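Peer 1: Turn these sequences into a full structure, and let the hints steer you where they fit.
Line by line, the protein sequences are chains A and B.
Letter 246 of the first sequence, counting from 1, is numbered 246 in full-length UniProt numbering, and no numbers are missing.
Letter 86 of the second sequence, counting from 1, is numbered 86 in full-length UniProt numbering, and no numbers are missing.
Treat the hints as calculated values from the structure; they're not laboratory data.
Treat each hint with caution, since some may be false.
If you only want the chain A side, here are some residues facing chain B, beta carbon under 7 angstroms, derived [claimed, not checked]:
{"#": "1", "residue": "G237"}
{"#": "2", "residue": "F240"}
{"#": "3", "residue": "W241"}
{"#": "4", "residue": "W274"}
{"#": "5", "residue": "I356"}
{"#": "6", "residue": "G363"}
{"#": "7", "residue": "Y371"}
{"#": "8", "residue": "S380"}
{"#": "9", "residue": "I383"}
{"#": "10", "residue": "G386"}
{"#": "11", "residue": "A387"}
{"#": "12", "residue": "P388"}
{"#": "13", "residue": "F389"}
{"#": "14", "residue": "G393"}
{"#": "15", "residue": "T516"}
{"#": "16", "residue": "L520"}
Quick caveat, the model's predicted, so the values are computed rather than measured.
Virtual Cβ for every residue (Gly too), placed ideally from N, Cα, C.
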Amino acid sequence: MIAELGHFATILALVLALLGATVPHVGIARGDSRLMAVADNAAIGQFLMAIIAFGALMYSYIISDFSVYAVAANSHSAKPMLYKIAGVWGNHEGSLLLWILMLTLFAAALSLKGRKLPQRFRTRVIAVQSALVVGFLLFILFTSNPFVRLDPAPFEGNGLNPLLQDPGLAFHPPMLYLGYVGLSVAFSFAVAALIEGEVTPLWARWVRPWTLVAWMFLTAGIILGSWWAYYELGWGGWWFWDPAENASFMPWLVATALLHSAIVVEKRDALKSWTILLSIVAFSFSLLGTFLVRSGVITSVHAFANDPARGVFILGFLVVVIGGALTLYAWRAPKLTPGGLFGLVSRESALVLNNILLSTFAGVVLVGTLYPLVLEATGSGQISVGAPFFDFGAIVLMSPLIVALGFGPLLAWKRGRLPRAATTLLPALVVALVVGLFTYWQTAGGVVMTAFGLLLATWLLASVAMEIAERTQLFKNPAGFLRRLRHLPRASWGMSLAHSGVAVLLFGITISEAWTEEKLVIMQRGDTAEVGDYSVRFDGVAPVTGPNYTAIQGHFYASPKSGGADIMLEPQDRLYTDPVMNTTEAAIHSMLSGDLYAVIGEAAGGGRWSVRLYFKPFVVGLWLGAAMMVLGGLLSLSDRRLRVGAPKAKKLSAEA
Amino acid sequence: MMRALTAFLLTIALTVAALAVAVDEKPLEDPAKEAMARELMKELRCVVCQNQSIEDSNADIARDLRQIVRERIAMGDTPDNVKAYLVDRYGDYVLLEPPLKPTTYFLWGSPFIFLGFVVYMVLRSRKKPVAPAPLSAEEQAELDTILGKREDDA
Chain A
1 MIAELGHFAT ILALVLALLG ATVPHVGIAR GDSRLMAVAD NAAIGQFLMA
51 IIAFGALMYS YIISDFSVYA VAANSHSAKP MLYKIAGVWG NHEGSLLLWI
101 LMLTLFAAAL SLKGRKLPQR FRTRVIAVQS ALVVGFLLFI LFTSNPFVRL
151 DPAPFEGNGL NPLLQDPGLA FHPPMLYLGY VGLSVAFSFA VAALIEGEVT
201 PLWARWVRPW TLVAWMFLTA GIILGSWWAY YELGWGGWWF WDPAENASFM
251 PWLVATALLH SAIVVEKRDA LKSWTILLSI VAFSFSLLGT FLVRSGVITS
301 VHAFANDPAR GVFILGFLVV VIGGALTLYA WRAPKLTPGG LFGLVSRESA
351 LVLNNILLST FAGVVLVGTL YPLVLEATGS GQISVGAPFF DFGAIVLMSP
401 LIVALGFGPL LAWKRGRLPR AATTLLPALV VALVVGLFTY WQTAGGVVMT
451 AFGLLLATWL LASVAMEIAE RTQLFKNPAG FLRRLRHLPR ASWGMSLAHS
501 GVAVLLFGIT ISEAWTEEKL VIMQRGDTAE VGDYSVRFDG VAPVTGPNYT
551 AIQGHFYASP KSGGADIMLE PQDRLYTDPV MNTTEAAIHS MLSGDLYAVI
601 GEAAGGGRWS VRLYFKPFVV GLWLGAAMMV LGGLLSLSDR RLRVGAPKAK
651 KLSAEA
Chain B
1 MMRALTAFLL TIALTVAALA VAVDEKPLED PAKEAMAREL MKELRCVVCQ
51 NQSIEDSNAD IARDLRQIVR ERIAMGDTPD NVKAYLVDRY GDYVLLEPPL
101 KPTTYFLWGS PFIFLGFVVY MVLRSRKKPV APAPLSAEEQ AELDTILGKR
151 EDDA
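Peer 2: Right under this line is the structure:
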């Protein structure tokens, strides 16, 4: 009954979305504001229906109603409640429904928050958003309906992949989806602007906060997934350039570019056509990412071919949405009035360089991700495109970005002066070179990349500091420094924080990659092994029972050589029952200096166990850096300039 | 459908099945050779995994490959020899860094192709604006009042 309610709500949402996607355009054509208002009402209605549908599915999971197909395929009665709930979106059907829920949430938010937009434009935006909802609902109802009943109902469900039964991964998909779907707003704004044939600074001022929100969720979602890989897969790796990761990274790269190009539109009324294109591409990558991961095409081309209905629909949908938007772009973009001019050396140019490098990198990741699929599908052989290829792209394209990132904020709009920025940044350059050369010399000329990574990270961090010093006239006029520091706009703090986050992240990557210590040992009770500055004693194992698994838990005590309290480490080797699967639960003790990381392996007979111990210096930098980026976004979002309609907003932005 | 699903889940369980640290894994005696082996492991794909190298995978095949790499390196093979040996058995698929050959020209060329394309698109977006239409007398008058007001303020 409840599942049928959900099914019914899904159908009703489709009807509402169809109305919301068509009637408002008629209203605009006829100048009939009652018809235009359908967009708003439909948006709210779809959202309510999506809540009911999603709630019904969640309820079926909570009570373990195995007569519902999606529940039987992905849940199990013995699963802890958190994973019963997380199981709702841990599979193809449920995750699509979550997508729809968020898509309608954003449509409703646009309708409620967008009252200050001109009605005609707002109507267009919401109608485009509704059209996206239609596509997804059709997909769910015709190929991936989670509410299908099973008769007879199985006695027990299939269970959720134990690797996914983890708090980090329970919240990873919703975060990521909020990011993916958040980019739909920029897309709808872009399409609406193309239809209306006008892009104004006001447009950018609207698009930027929405993109910023999406970007923050994407960043958080990606890092949450990375963190999960780090502690759950048991090898201390946090990024594999696997297709699922790439699928989330591509929209992130483009969204980052979009954030920056929208600034140029907002402040200088330039780069309009390019920004529209980025908005379309960013959401296209979101769609592509979702479908790549959820259709199974990346696991194998054959899995995709096994279910042609889904595959054909997906391809069709991508062609209609992406192709349609790009066609509209090709047709309408040339009509956009070009905006402000700027010199080769200017803040605009720096942001253009940012855009060029980020988008190129997104393109490279796209090719690298799809290339093996295309080769296999065309029968030209099987290849792997892995870390070495992507690392190459990252180094070639992201290093210049970080160099430029130091200069960008110091250049004036329209026409900047490079020598002046260079003078300001001289101390940063000196510090960075010293750090880089010292590292190079210390590691006996061994690892060039380590020295280079540290050089770049130091450069970035130091130039952010120099930029703040310059802005507050720390050196020229130290008296008023604190007052000026206090009065820096939040957007500027947000930028500095996010940029230093990149530096911290880079420190984390470089340091942990270069100086990780690893010990692969067979230990018995009472044995000690040395890793990092710790001597780790093994104190035997004990069996442990969880709700749906049994485990062997190892006990280790790590004592710092420099003295101090012992650190207890208790890694587990778990055996899940439904489905049967072995997982390793690494024990991690995080410190600012580094992580102690212990994994217990197989029994070697005679009370001996194989053990892997790591000391990974400054891995915390990864999570810390990402957190700084998200916080920077939040800070920037809270800047009054972005509170559209705030009466003084315009004046403020003119000063900045 | 159910059967296909069960089969699918079973495949996942079997391939991803984390069989933890193998007992028989011992680093090579010679630290230089061990380091060489470890570097090589990073470049070899655990063939049943999603782009994971054999250096950080629990899968059985990854363990077997690690053993082969260590054996070969211990016997005095160069990393290139070991790669050639594995490519003979698993094809280019085992290399995480795709080799440069006609089928991968586009892949390796993609950074430059995209760079060119993106630069073109951005520059197109930056074309010279047309001069705005001159103000009508009415607009000019309005502008003058506004500007006049500004001056009064200042």
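Peer 1: Each hint: holds or not?
Peer 2: Outcome of the hint check:
no.	hint	in the structure
1	G237	holds, 4 angstroms
2	F240	holds, 5 angstroms
3	W241	holds, 6 angstroms
4	W274	holds, 4 angstroms
5	I356	holds, 5 angstroms
6	G363	holds, 4 angstroms
7	Y371	holds, 5 angstroms
8	S380	holds, 5 angstroms
9	I383	holds, 5 angstroms
10	G386	holds, 3 angstroms
11	A387	holds, 6 angstroms
12	P388	holds, 4 angstroms
13	F389	holds, 6 angstroms
14	G393	holds, 6 angstroms
15	T516	violated, 11 angstroms
16	L520	holds, 6 angstroms
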